[in-house]
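Visitor: From first to last, the protein sequence lines stand for chains A and B.
As numbered in numbering that gives the first Met the number 0, residues 0 to 141 make up the first sequence, in order.
As numbered in numbering that gives the first Met the number 0, residues 0 to 405 make up the second sequence, in order.
What the hints contain is simulated information worked out from the structure, not anything from laboratory work.
Take these hints with a grain of salt, some might be off.
Said to hold, decoys possible - Just so you have them, the derived chain B footprint on chain A, three or more residues with Cβ under 8 angstroms: (1) 3-12; (2) 30-40; (3) 72-78; (4) 93-102; (5) 119-130.
Model, not experiment: these values are computed from the prediction.
Yeah, the Cβ is synthetic: ideal placement off N, Cα and C, and Gly gets one too.
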Amino acid sequence: MSAAQRPVAEGLFEPADSADGLPWLLGSGCVKCGEKVFPAMLDCPACVSRDSMRPVRLAGRGTLDRFVVARRGPSGFRAPYIQGFVRLDDGPTIYSLIDGCPVADDALTLGEALEMALVPVREEGDVTVIGWSFHPVVRRDG
Amino acid sequence: MDEVVVIGVGMHRFGEHPSLHLADLARVAVWDAIEDAGIDARAIDIAYVANCYAGVITGQSDAVAPAVLGYTGLSGLPMIHISGGTSAATVAFHEAVMAVGSGQYRIGLALGVEKQFVPGNPARSISAINTSLEKVVAMDLGMTPLAELAMGLRRLMDSRGWTREDFARVTAKNRWHASMNPLAEVQQPISEAEVLAAPEVAWPLTRPMCASAGVDGAAAALVCTRRTARELGATAGPRVAAMHLRSTPYLRNDAPVRRTGVPSMDDVAEVFAKVYERAAVGPRDLELLQIHDAVAPEELLAYEVLGLCAPGEEAALLASGATRLGGRVPTGTDGGLLARGHPVGVTGLAQIHEAVVQMRGRAGPRQAWHDGRPPRIAAVQNAGARGGAANGVPVCAGLIFQMDQP
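I would like the entire structure built from these sequences, with the hints used as guidance.
Guide: So this is what it looks like as structure tokens:
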């Protein structure tokens, strides 16, 4: 068990502070066109405007857009594991690790509801790197 | 812009070459191209060198172009490094064509060279390739380009009626083509049953349905205007009839999803609309096609987005034999990325190499024939990988080559 932890990068997420117990992703919303993006940006990619974006918190809740069981991974990741894209209820579609279910090709249904957690994603020497993952609303680990 | 022709191509055999340095691979491709063109090497006055992973594999992040070209014996010309994932070599070619077509330079060299094979450490090859993804929101969270490609397939198989047998058929076809290509990485043919029985990499893909990560190689092309070629007495053509590059545009969150789920193919239709128009040809006119088949299903999807067939008819087109050697529009005649191999910074130039060799009628046992002559209109489709915040490709490329009748 390593003692030290660090986030995968600063400014990407915040721990839960509301009743539903879900952590937040830190994105941006455009004051001109309303588009929301993750990760945060200052200039809007939808209406292509300078300095039009303000910080917004995106709820850690969404639906499964697509996923795959990766049988091999890069250094630091223990394969097999599930990679996926999640369509956030607040708008953007983002890449995420998926857990809370068996690591199997038939373990998830496209479109099913998912919730986010902050989890260790890999070890870097003695440091545990913290990122996000999504899991089915009711976990169904084998 | 003046009309630009390819006057020479060269290639080092793709494969595992642990004892060879980047420069060893490069010099073979470059000098083969020079001898193919029949020109004095000193006449080359600009060079673009595509390489993506030397920084990770060897630690040579910058000065890649001089570190590689310096050992070919060339000097005195600008040596420009281009990276950017699987489209890097096509971009190098594009820049060389622009440089000579504009009249600013006389003879342009485009070289792709890559070493990805790490003896005894396949995870390191994958880690190198992962640097083509955005670091924080993709690479550091375990995204891999291969898995990203596989992820969109479930939906496509449902909507287009594709099966794993279709993917095996693509693989067996391209492996058969590669068995006739002495420069290919994998030259052993494989049966569809063997493809299906091979270990799974990421459902629905088995190992042979995916280009391998651990492969080294180099390929080069020399370009100049038709006028310069005539003055030099260099080998003729084909000419670059059209080329176009673009990246994936931002898609609003509330926009209807019209993307395929396979990022490499999402912009191909727009890119080819442009090059078909510029070259004044249509998909029916293509006599040869090199597709970006890093995984077998990309080839099926390419048939549709390039306009060879309607959505849902991809597997039927494949089964008809139209895309095999001997068919109406053979694809991946050198084995494609799947079998000729996919050293990332070289791929586009390997595709161009094959188009040129075929159009000159010099492909040996894998020569494509149309009405008893080599193909005259060929297309190359290639795309760079990038996953992350802006999920899409940095460069989607389309090229059309035309060999004019004498």
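Visitor: Work down the list of hints and note, for each, if the structure agrees.
Guide: Comparing the hints with the structure gives:
no.: 1; hint: 3-12; verdict: holds (count 3)
no.: 2; hint: 30-40; verdict: holds (count 5)
no.: 3; hint: 72-78; verdict: holds (count 4)
no.: 4; hint: 93-102; verdict: holds (count 4)
no.: 5; hint: 119-130; verdict: holds (count 4)
This entry satisfies every hint, going by the numbered hints stated previously.
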